[in-house]
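A.B. asks: Chains as they are written, first to last, in this note's numbering: chain A, 11 to 165; chain B, 11 to 165; chain C, 11 to 165.
Hints listed in this document are in silico derivations from the structure and should not be mistaken for laboratory results. It is possible that some hints are incorrect.
Pairs count within a copy or across copies, as identical chains cannot be separated in the list.
[Claimed, not checked] Listed next, the in silico BS3-like pairs over lysine-lysine satisfying Cα-Cα at most 25 angstroms (straight line): (1) 160 <-> 36; (2) 71 <-> 52; (3) 36 <-> 162; (4) 65 <-> 52.
Here is what each chain is made of, one letter per residue.
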Amino acid sequence: MANLSQLMENEVFMAFASYTTIVLSKMMFMSTATAFYRLTRKVFANPEDCAGFGKGENAKKYLRTDDRVERVRRAHLNDLENIVPFLGIGLLYSLSGPDLSTAILHFRLFVGARIYHTIAYLTPLPQPNRALAFFIGYGVTLSMAYRLLKSKLYL
Amino acid sequence: MANLSQLMENEVFMAFASYTTIVLSKMMFMSTATAFYRLTRKVFANPEDCAGFGKGENAKKYLRTDDRVERVRRAHLNDLENIVPFLGIGLLYSLSGPDLSTAILHFRLFVGARIYHTIAYLTPLPQPNRALAFFIGYGVTLSMAYRLLKSKLYL
Amino acid sequence: MANLSQLMENEVFMAFASYTTIVLSKMMFMSTATAFYRLTRKVFANPEDCAGFGKGENAKKYLRTDDRVERVRRAHLNDLENIVPFLGIGLLYSLSGPDLSTAILHFRLFVGARIYHTIAYLTPLPQPNRALAFFIGYGVTLSMAYRLLKSKLYL
Numbered sequence: 011m012a013n014l015s016q017l018m019e020n021e022v023f024m025a026f027a028s029y030t031t032i033v034l035s036k037m038m039f040m041s042t043a044t045a046f047y048r049l050t051r052k053v054f055a056n057p058e059d060c061a062g063f064g065k066g067e068n069a070k071k072y073l074r075t076d077d078r079v080e081r082v083r084r085a086h087l088n089d090l091e092n093i094v095p096f097l098g099i100g101l102l103y104s105l106s107g108p109d110l111s112t113a114i115l116h117f118r119l120f121v122g123a124r125i126y127h128t129i130a131y132l133t134p135l136p137q138p139n140r141a142l143a144f145f146i147g148y149g150v151t152l153s154m155a156y157r158l159l160k161s162k163l164y165l
Numbered sequence: 011m012a013n014l015s016q017l018m019e020n021e022v023f024m025a026f027a028s029y030t031t032i033v034l035s036k037m038m039f040m041s042t043a044t045a046f047y048r049l050t051r052k053v054f055a056n057p058e059d060c061a062g063f064g065k066g067e068n069a070k071k072y073l074r075t076d077d078r079v080e081r082v083r084r085a086h087l088n089d090l091e092n093i094v095p096f097l098g099i100g101l102l103y104s105l106s107g108p109d110l111s112t113a114i115l116h117f118r119l120f121v122g123a124r125i126y127h128t129i130a131y132l133t134p135l136p137q138p139n140r141a142l143a144f145f146i147g148y149g150v151t152l153s154m155a156y157r158l159l160k161s162k163l164y165l
Numbered sequence: 011m012a013n014l015s016q017l018m019e020n021e022v023f024m025a026f027a028s029y030t031t032i033v034l035s036k037m038m039f040m041s042t043a044t045a046f047y048r049l050t051r052k053v054f055a056n057p058e059d060c061a062g063f064g065k066g067e068n069a070k071k072y073l074r075t076d077d078r079v080e081r082v083r084r085a086h087l088n089d090l091e092n093i094v095p096f097l098g099i100g101l102l103y104s105l106s107g108p109d110l111s112t113a114i115l116h117f118r119l120f121v122g123a124r125i126y127h128t129i130a131y132l133t134p135l136p137q138p139n140r141a142l143a144f145f146i147g148y149g150v151t152l153s154m155a156y157r158l159l160k161s162k163l164y165l
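Make a model of the complete structure from these sequences and hints.
C.D. replies: Set out below in structure tokens:
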């Protein structure tokens, strides 16, 4: 396992691993938030989920949508749409030998922006808080993509 | 390509590659399941998709939603929300030099839980079957994230 | 960083990095397209997003859905559902030592099919344009998965 241990001794790669794990754990927290709002507000998407709250027609009234639940679900989907490109592009960028401080700046900005995006979405904060958070994360990913394609393009 | 071949000779990495390929293929099957229900139940989201079933206003009646199709779509989205963190955290965890049997236990539990989640969602089985499957997969991913951050944190 | 630089000198891996960066950037473009249609058509999902267009009840009329916006969102979700398996399976496939020309054929077909899928979805082109684009990308990913499991299965 000689080479693997060398990979994990690379500082850029270790930083990428740490920030990625944090931002993915944050994204996983959205599932718990959805479950929390579904249970406390009794808002369900599946008949089997509300079977415990009543029988037959009585349970069906819980099959509804709710602003709060839909808001968390939109925040979750936005996370997916933005963290997947970060995951792919960031991994390849980390392997392309970038400068350590530049790489860490990218990772910190992205993770900070996504955490702020979640806060802005769930509070909710007035715009342009959420838009700004979105565009910072978006810009960071595009900046890494540009760096990758400029230095390593092979088609 | 000396190092690449060494990477794929690493047993943890090979196990990760195998289980990931299986769980991603399972997720891809959800697209086929959605297409199957859309076609057999004639339930479409786009006007161009049902053009073959009638002309003009006659085709528009197929632009509707259906419980069965929505159920498959929710199962698919839940897969995405959970397999993306597994993909990222699991890859980095595999590279961090974990014990082989511990790593394989994580991968097996995750893949088994996600397959059971799909069965529980599509049958559907009564709760808490699906919730249990969800939390096993969730816990496995968090356990790998914890191991990674504990051993390799670099911020 | 000896090994990392060797990884990025591997031609298959460099090609994977280039094509993945392109297809992920294309997927990120879908967010901009959604924002563009939301702003030009004044169709919003969150009250705070349309606060600039009027006060109180007057702003609430912009909380609606729109065919065009929903179409872009479906195209975006379809991208996610298909690019995530490509990302995971393609990365592992690239590391499994495939033939360079075979690998590049896979990557080109996938990226071309996904770009064509977006064009077919957003124009929209009549079926089976979009279905064909979908199945080419789907088949490419399954072909890489088959190659991986055949050569490197380790359960």
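A.B. asks: When the hints from earlier in the document are held up against this structure, which numbers fail?
C.D. replies: As far as the earlier hints go, not one is violated by this structure.
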